[in-house]
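There are 2 protein chains.
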Amino acid sequence: MNGAHAVARTLLKSGVEVCFANPGTSELHFVAALDDEPSLRAVSCLFEGVATGAADGYGRMTGRPAATLLHLGPGLSNGLANLHNARRAATPVVNLVGDHATFHKKYDAPLESDVDALARTVSGWVRRCGDPAAAGIDVAEAVAAATGAPGQVATLLLPADVSWSEGARPAPPLAARPPAAVSAQTIGTVAAALRGGEPAALLLGGTATREPALSAAGRIAATTGARLLCETFPARLERGAGLPAVERLGYLSEGATAQLDGVRHLVLVGARAPVSFFAHPGLPGVLTPDDCRIHTLATTADDIPAALDDLADTLAADTPAVLQAAVRPTLPTGELTAETAAAVVGTLLPEGAIVVDEANTSGLWLPGATAGAPRHDWLTLTGGAIGQGLPLAAGAAIACPDRPVLCLEADGSAMYTISALWTHAREELDITTVVFANGSYAILDMESQRLGTPANGPAHRDLLDLTRPGLDFVALARGMGVPASHATTAEDFTDRLREAFAEPGPHLIEAVVPALF
Amino acid sequence: MNGAHAVARTLLKSGVEVCFANPGTSELHFVAALDDEPSLRAVSCLFEGVATGAADGYGRMTGRPAATLLHLGPGLSNGLANLHNARRAATPVVNLVGDHATFHKKYDAPLESDVDALARTVSGWVRRCGDPAAAGIDVAEAVAAATGAPGQVATLLLPADVSWSEGARPAPPLAARPPAAVSAQTIGTVAAALRGGEPAALLLGGTATREPALSAAGRIAATTGARLLCETFPARLERGAGLPAVERLGYLSEGATAQLDGVRHLVLVGARAPVSFFAHPGLPGVLTPDDCRIHTLATTADDIPAALDDLADTLAADTPAVLQAAVRPTLPTGELTAETAAAVVGTLLPEGAIVVDEANTSGLWLPGATAGAPRHDWLTLTGGAIGQGLPLAAGAAIACPDRPVLCLEADGSAMYTISALWTHAREELDITTVVFANGSYAILDMESQRLGTPANGPAHRDLLDLTRPGLDFVALARGMGVPASHATTAEDFTDRLREAFAEPGPHLIEAVVPALF
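As you go down the protein sequences, you meet chains A and B in turn. Going letter by letter, the first sequence gives residues -16 to 500 in my numbering. Going letter by letter, the second sequence gives residues -16 to 500 in my numbering.
It should be emphasised that the hints constitute simulated quantities derived from the structure, not laboratory data. Any given hint might turn out to be false.
Treat identical chains as interchangeable: a pair holds within one or across any two.
As the list claims (entries may be wrong) - Here are the simulated lysine to any residue pairs, SDA-like style, with alpha carbons at most 20 Å apart: (1) K88 - L235; (2) K88 - R103; (3) K(-4) - P153; (4) K(-4) - N(-15); (5) K(-4) - S22; (6) K88 - P264; (7) K(-4) - D19; (8) K(-4) - A116; (9) K89 - A256; (10) K88 - P267; (11) K89 - D114.
Please work from the sequences and hints to get the whole structure.
This is the structure we're talking about:
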């Protein structure tokens, strides 16, 4: 058996079932191995950032890694931005990167580059497979490394000759590092802080934004009076009617600072201490008040649900969590704006939807408008690397074929990885993409106001503009096989969104809205 | 004056006139500085790979660097693949990457990553600007580093607070490292080898593929009987009627080995010793025969035109170079294929055209069909990182506004950076893009035949296929404001290409051709 076959077989044995692929010559033996492993589903992507973003979406929804298949340093380069988001989301990903044959690297052929250095920037684990005899074990270790707590990107560099050489064999699965138990002392310290009666809040991240941790956190909050906050950009937030209501920390540091004003104890549960997204002159980088004590109940490497259960037990937290009521907005009429579009989404969001949110400024009203919708998951831009939404939606849809996916995209961000639409069409994924077409990088106008940079200069106006020429997302989607339509009024948008939700498979709606800034 | 203004002003003083930009928040002070420097043309790109590829195209055509403007590690990541191509082309590029404020990096905010490590993978020079007082000098050094022989990517990391802080001032231009003189001893050694009467060839790369070096090389070849070869992927090859005819080394190692068969002396002139693009089992990595002596006349760091002149003088090389005759193919009729399409291109190619060639397998007949066309430049995929063509064309068109640009694209490669079409439209660039739509990653079918991997397995067939769904490049182009049409016969293609050449501004023609493999 050659190395490639051992890699493919070991991936399957280790529970990896999907490979998001953009192969080149160096990966053809692995492609041939996939021929013999039909249970390992190969999903074709036209750009590596689609493959890596899809692997992120898949991993967020299943807790298990998908594999990627990338071509040498340049292929990995194209996939890095979404691997950066995956790293921030602590998503398990087995990032498989083909490389030149071991004996060929010395020639510094045109595609040669420092692929190891590239890999290290996004991976918690990197290995260069040097020997077909070790290929199986290397893969088993990669899967374990990706899956162990917290999840991470594990990159395996697979030279072409390791793939094609005989003498390999599959390896059995390896145990992944389990989440660490949180000590009784830590639980006790946090419990004491919450019992003290001073204003407190839990800041949830990682698996704490999902059931069952969420409910335990809700009971703790209800019992102690602590507020329930979550990170600005959670990897996956379970929310909607019947779940504990969680307040997301604002993106703008001014807002987040206001949310945290008066908090004397902030308990981190799978989240990091909040800092501002960007530096701004005169605004603090640390968002907590000076007199706020920060307690870490659990990191993403810890057993978060157990820690919250233990904390709830210690606190005798039996007051029921405050649950989000089932409430929908009223269907709006008239002008289509970011606000009325959000109301339409909130009214129509189906039960069990997976919402991928890269709507940026046009998404301002979405969390509020959907808070009381039927239970759903909300996936966000964890690392700030735009171009995440369309790929993430592809991975989430493949992870959860029975759930509708709603991908909410800003027009500017959509263009970074627009070819993901082709994968939506090819795999007949049940994804409804809404592109909020406001014709500008509006978030930069907002940031410019905060920074005090001039907003009316010729370069500023020019570089933020997306209307010269306008982007026709309906044409772009159709060009890649996705049925698409425009919506220019609230009623239009309602009709188009209803149709898209009712019909399986991918759809795109270009929602023409004014820019907020 | 703040750091951003000093950076912009120093770029201009140092001769940088264009900035291919995809800014984010950290770059807004630099955008504001561009407002005040209208001579520094900002060109908006929807994806960083477009910005970096355009800077490569600009630098190849002018010999002077353009600046990029990228946003932190993820923005740089998206630009890396085309910077890899620029590195291989030895193109001068000032790669300007905004970063978090110096005091903000410690917070490890979501967009934070190891941007320095990323930069080092593609840059010959990297500096992190740490102080507004030094910003001007840092930029002057960056431009000199980019421009010095050989050209390279010089990356300047510009923290947001360095941009916004006062106390900066522009710096005067610095002298770039001049090309090194080649010693008389080296000239003498090479002259002796060429005089020896054994079969010899010159292998041209770098500036040796352009005038005036090319003509000197042609006289040397004609006088000594040495053959005139050039690299497989020259950064910029001047060719066409009236120029010395140069044989490009084949992409397939079997072909290149045959071309080099019997050569006893290979003289490298700005080229590296030829190696195979990929390793293949049983095929050699080194393409020269065992008994071939390799002589280095000049590297890309050397004064190549002077070295060739000196060598010609030493050899008394006054036999006129063999010049390419003016000859055009006959206009074909009937089926549109890669071969008939090449004949159409060869028939219609305008005088002074800049041809960007990322046609891959569909380009097989293009060099032959255009060899005797009026003088033109041919830019190729130097680093093998696909997704180069459309951005490179944008940069070449901005560099040479009076010359028509013909961008020859494979359908698969086009999709990596398809949003470059928007920049073509926005800047009203005189670029005719031909997408050879063969519906597959055909080069991988070819490579699969060479590697002996099975070509009919389900994963192989699926991952190489681009027809499910088909990509409609006419819709994609129109969606980004570029007029576009299909061509399905040779006559169609002739008409469409004539129209596109006749009319200023961008056009796209989807040339539907069968796959060769």
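Violated hints, by number in ascending order, as checked against the structure
Violated hints: none at all, because every hint is consistent with the structure.
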